[in-house]
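Taken in sequence, the protein lines are chains A, B, C and D.
The opening position of the first sequence corresponds to residue 234 in the numbering used here, with each subsequent residue numbered one higher.
The opening position of the second sequence corresponds to residue 234 in the numbering used here, with each subsequent residue numbered one higher.
The opening position of the third sequence corresponds to residue 234 in the numbering used here, with each subsequent residue numbered one higher.
The opening position of the fourth sequence corresponds to residue 234 in the numbering used here, with each subsequent residue numbered one higher.
Honestly, the hints are just simulated from the structure, not real lab data.
In this text, a Cβ means the ideal position worked out from N, Cα and C, and glycines have one as well.
Be aware that one or more of the hints could be misleading.
[Unchecked claim] Pair by pair, the computed Cβ-Cβ distance ranges are:
id	chain 1	residue 1	chain 2	residue 2	range
1	D	HIS300	B	LEU273	30 to 36 angstroms
2	D	LYS419	B	LEU273	48 to 54 angstroms
3	B	VAL422	D	LYS236	48 to 54 angstroms
4	A	ASP338	C	ASP277	33 to 39 angstroms
5	D	HIS423	B	LYS344	34 to 40 angstroms
6	C	MET234	D	GLU396	39 to 45 angstroms
7	D	MET348	C	GLY272	37 to 43 angstroms
8	B	GLY437	D	LYS419	23 to 29 angstroms
[Said to hold, decoys possible] Over the 12 angstroms line for every Cβ pair with chain B, so calculated as not near, a few chain A residues:
id	residue
9	ALA271
10	PRO280
11	ALA357
12	GLY412
13	VAL413
14	GLU494
15	PHE501
16	PRO506
17	LEU574
4 protein chains.
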Amino acid sequence: MVKVGVVGGTGYTGVELLRLLAQHPQCELTAITSRGEAGLPVADMFPSLRGRVSLAFSDPAKADLEHCDVVFFATPNGIAMQQAQRLLDAGVRVIDLAADFRIKDVAEWSKWYGMEHAAPALVAEAVYGLPEMNRESIRGARLVANPGCYPTAVQLGFMPLVEAGLVDTTGLIADAKSGVSGAGRKAEVHTLFSEASDNFKAYGVAGHRHLPEIRQGVSLMAGKPVGLTFVPHLTPLIRGIHATLYARITREADFQALFEERYRNEPFVDVLPAKSHPETRSVRASNWCRIALHRPQGGDTLVVLSVIDNLVKGAAGQAVQNMNIMFDLPESMGLTQIPILP
Amino acid sequence: MVKVGVVGGTGYTGVELLRLLAQHPQCELTAITSRGEAGLPVADMFPSLRGRVSLAFSDPAKADLEHCDVVFFATPNGIAMQQAQRLLDAGVRVIDLAADFRIKDVAEWSKWYGMEHAAPALVAEAVYGLPEMNRESIRGARLVANPGCYPTAVQLGFMPLVEAGLVDTTGLIADAKSGVSGAGRKAEVHTLFSEASDNFKAYGVAGHRHLPEIRQGVSLMAGKPVGLTFVPHLTPLIRGIHATLYARITREADFQALFEERYRNEPFVDVLPAKSHPETRSVRASNWCRIALHRPQGGDTLVVLSVIDNLVKGAAGQAVQNMNIMFDLPESMGLTQIPILP
Amino acid sequence: MVKVGVVGGTGYTGVELLRLLAQHPQCELTAITSRGEAGLPVADMFPSLRGRVSLAFSDPAKADLEHCDVVFFATPNGIAMQQAQRLLDAGVRVIDLAADFRIKDVAEWSKWYGMEHAAPALVAEAVYGLPEMNRESIRGARLVANPGCYPTAVQLGFMPLVEAGLVDTTGLIADAKSGVSGAGRKAEVHTLFSEASDNFKAYGVAGHRHLPEIRQGVSLMAGKPVGLTFVPHLTPLIRGIHATLYARITREADFQALFEERYRNEPFVDVLPAKSHPETRSVRASNWCRIALHRPQGGDTLVVLSVIDNLVKGAAGQAVQNMNIMFDLPESMGLTQIPILP
Amino acid sequence: MVKVGVVGGTGYTGVELLRLLAQHPQCELTAITSRGEAGLPVADMFPSLRGRVSLAFSDPAKADLEHCDVVFFATPNGIAMQQAQRLLDAGVRVIDLAADFRIKDVAEWSKWYGMEHAAPALVAEAVYGLPEMNRESIRGARLVANPGCYPTAVQLGFMPLVEAGLVDTTGLIADAKSGVSGAGRKAEVHTLFSEASDNFKAYGVAGHRHLPEIRQGVSLMAGKPVGLTFVPHLTPLIRGIHATLYARITREADFQALFEERYRNEPFVDVLPAKSHPETRSVRASNWCRIALHRPQGGDTLVVLSVIDNLVKGAAGQAVQNMNIMFDLPESMGLTQIPILP
């Protein structure tokens, strides 16, 4: 049994992590911390966990996380970078679901996240936890930077094309749509039901924090810097990301076969038949990424449609997948729930 | 392993049943029939099942259901009553998720369902599959009538009070609200997104088919005919029923203790602390019924709040629970998924 | 032209009031105040008003409201009671959309609203602004207490029955469902999209602030204290209240005719044909209250269904209706927009 | 007074047209036809019109449309082309809200719409009713082809850039998202609430009927054929289209000034300040198109965000705008309602 601790479990990523860990046959959830809610039974905040999670939130200072095998940070940005070193020193492996260790260029990170980095050395060590890209490095990692939700959907959609060098990487376009849970459980006006329901808008067009993360990943695939326009949108669903990706073909190939081949052995990437239209609900509450490929009117532009559940493959599920890899468990363990439809 | 057949799997009850059965450790799904979709892989209609259900719909005439241990009918009303006898004769046990065997008074059934009953003898034999009421009879039943969604939520809410004879049963009120999936997957104007979204209405106030079913059950609890007003409403959520029940007290008691005691050993009824407000999402995609009790202003009226997922405890989940009981499996087997929140 | 000021225009009631006033042919909107947003053009906060409202929010201290003919308070509870006297002294008429002047019993008010009342004398003077009940008093009022949203829907539904003394008033039941905009535009977790969408719950069952207001009004209709159970629910729509009312008949009558007669001359109460099911969207963004009457199974319980838009007839629209009455304008002026469907 | 007839008023475009015409000060609604619903009062089907529209649906054969000044066709594709000539011969002007007269290339039309064209000569005569493009021709037109919803949002977004020749027109991308009412009021499974709610998907990527219409319009702006990828998506809102447009810059300019200048005198196109994010709700139930311009990271890709209400500026509202132009009425008459927010 893997002894697991969770730092910060009061947000959507946290409760989703608890849902998955509580159903994981090889995990023992030993502590979940929250400074603000210490003492409160987790199931009092999230009644969906009644009867399944008996833990109460504990004070971070007293949580004895050093005796865990792995600690997940489901905290706001800027927390894990302050606490990871101490845990690593105690022999605990760390998976950060926030952004602290995702961007290798620390100056770039500081610019986008608006703070100094507290542990630049760990940034260098951290492995970017996208299994489809870095499975082997994840296996031995002490510190995993779990990818962002948009970056997961977008990178998995572009990966086969860019790795194979078949498209123009100077003008990639990622038009992405997210459910509102991606904005977290913080009380804010723009994510109120009466604001976000029956409404659709783009946001962060001038620059979203996931842009440098996507650009870093796609540039690694391409072996050179890429030009990418990323436009996120807020759409009135709770869970789900739909990325619509556009790339101009520079070299012909059997693109459908390419995708199928690239992901043949991936347990959580499902390449649909050509010309399919994946729906976000087809992955709801599951760790799947479903992808479909189009070449409209036989022109020179490829359209890739990529859907994930932002809280699962885009956050907590991928984190558990990374844990499975790190601890030599079957990669799908605890992640085989069938999506909820309707 | 229990060999399972499903008749009619193209509706929401059907796909939910498949989701649960595919994850059930002691079930072998051997056939799923659909006259209209014979030959079509189930996962082509419901991509959420890709990679988990490899069956195709089969022609009912060729499905060899006689070799199953149990057959579920997830069909419109009026189908199971025509086919059950043949299966029972072949030694197959039957669970009907439609209404064919729920009402003991065949004339009453005909009035509400607008057709002659094809198998009145089986109505007499059938066991009403509400485990909290009829567990022992279900155990030995050949034919189980799986309860309706509203009747499940309403009966579980009234049961402790009415069994104990503490409330006036001449003027019970059940104000119930259902998600739209309760109306099924049939193409109809009033359940279109543009009609049902951002809208709320009552329907069937003059008389809904679940009224006689609820009245029959509550009268059985009371040991005498009851007077009940039942008003269903359509509310813009996909899954979920919220029943708000009103009863006037005729004899004082510790009502909270009564509920807790009544359901102490029930695996799927969760009595919340007094004055709680259960949310439908706290049971989303799970087999839980969560109940809370109120006595506003200390007056003589009790308010019971009862929530279920109409497709799980209100349909497919309860059917699996009944199957577990019938086949001496642990009652919760395959039904332990944690609700999806948010 | 009526010179109009609005105190506190940053909430949903405020923006709705602006929408209606900007389209009112006899209103001149002269000031809208907000301490926090002084200087900000209103249309920057609410782009729906671009091109139609050119005012900026002004500092309450500098707004020169004393030169208005009427001032609307679209503020949180407890503000109007501190500022109304000064305006009244200056000859300005006041319509309070909050609760400060709704409850005649000041001690009762203090209990429910958790503060001392700052102007008990004005409570006595204030006219409760339900035109269907108090039209003549409103005409001459200096100070109008605009009703709450639930109280409007519930009182209009009970009014004909209770006035005529045809039902048992010791056990009235009001099961009411509200869209989320009723909770206002304040950032709170429980009204986030990811909490309130695809979810349904009751709240405040132990006691909601609208209970004493409804009880006061219905008791006035009955000429004696009434017993009323009021259960509000949060439902995932933006606008709309649906009240489902239950009353036991004590004396027979032609109830449908009674309703039609009672509301024959009311410009904003529409009695539907018997056995109709009014939808909240049939009044969306309009000042209508639509009501339908049922007597299920011919029993002794009447069911009244009453729908309004909580922001219009339940708040801003009724306030404009009151203004029209107070200033001898046609009662429907500026309120004739057809509901938005779908 | 303009005497108006409506053919086919049972869909969303029809009821929206009725809402607008009933509030139009210079229109007299004389007939609304529906073969299937002849005799039914319109307000019985759409209770939102109770008290405002007293007409009943009439049999098309008996509707005496020849005495109207203008007839709107709010019918499925393929109806207007069979009936327009007769009306035109009688001196009636015609506005078709369907697609019969939108595409000048009749063979292309037949390919996309799957039928022979019944009136090719009228195609040549018809004026494409996008006022921002063809105002003067509309003024004198006998027959107006009212644009599609997507084409309205997309063309208005691209127009200033393409007319001025500042972007590469070989690789334009239009990623568009529509509310579900765009699919109409026909009973179909994929637009059921339980399918379309809490879900997001692309559709018609291989080719949508609005593609040739958009391509025709943008090619006219460019003065040469353009290359355009158009991907429509279904998003869970009732009303609203959000088009996200991508174009690579070929020549520098002050793009914001260009847009402001181009639309300075347009009554229904609102260019927002640079870097704004227009929301669909900011135009809900109104005839506005709001547009914002971005140049992310100062790169060579422009992003244009364009929102409309698909039923108003994308259908019924634009049709009324066209009627106003045709009959020399003020262009905004009857179209000044403020958007409904929240």
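To see whether the hints hold, each was checked on the structure:
Remark: the range hint 30 to 36 angstroms for HIS300/D to LEU273/B is contradicted by a beta-carbon distance near 53 angstroms. Checking the proposed 48 to 54 angstroms range against LYS419/D and LEU273/B shows it is violated: the Cβ atoms sit about 23 angstroms from each other. Taken as a hint, the range 48 to 54 angstroms is violated for the pair VAL422/B and LYS236/D, whose Cβ atoms sit roughly 31 angstroms apart. Between ASP338/A and ASP277/C, the C-beta spacing of about 36 angstroms keeps the proposed range 33 to 39 angstroms intact.
One distance hint, 34 to 40 angstroms for the beta-carbon pair HIS423/D and LYS344/B, holds here, with the actual separation near 35 angstroms. At roughly 43 angstroms, the beta carbons of MET234/C and GLU396/D sit within the given window of 39 to 45 angstroms. A beta carbon spacing of about 59 angstroms between MET348/D and GLY272/C contradicts the range 37 to 43 angstroms that was offered as a hint. The hinted range of 23 to 29 angstroms is satisfied by GLY437/B and LYS419/D, whose Cβ atoms lie roughly 24 angstroms apart.
Remark: the non-interface label on ALA271/A is consistent with the geometry, its nearest Cβ contact in chain B lying 20 angstroms away (cut-off 12 angstroms). Remark: the non-interface label on PRO280/A conflicts with the geometry, its nearest Cβ contact in chain B lying 4 angstroms away (cut-off 12 angstroms). Every Cβ of chain B is farther than 12 angstroms from the Cβ of ALA357/A; the closest lies at roughly 36 angstroms, confirming the non-interface assignment. Annotated as non-interface, GLY412/A brings its C-beta within 12 angstroms of a C-beta of chain B; the closest such distance is 9 angstroms.
The beta carbon of VAL413/A is not kept farther than 12 angstroms from every beta carbon of chain B, the shortest such distance being approximately 9 angstroms. The non-interface label for GLU494/A is consistent with chain B: the shortest C-beta to C-beta separation is roughly 17 angstroms, beyond 12 angstroms. Some Cβ of chain B comes within 12 angstroms of the Cβ of PHE501/A; the nearest lies about 10 angstroms off, and the non-interface call is violated. PRO506/A, annotated as away from the interface, has a beta carbon of chain B within 12 angstroms; the closest lies near 9 angstroms.
LEU574/A, annotated as away from the interface, has a beta carbon of chain B within 12 angstroms; the closest lies near 4 angstroms.
Violation of the numbered hints given earlier is confined to hints 1, 2, 3, 7, 10, 12, 13, 15, 16, 17; the remaining hints are satisfied by the structure.
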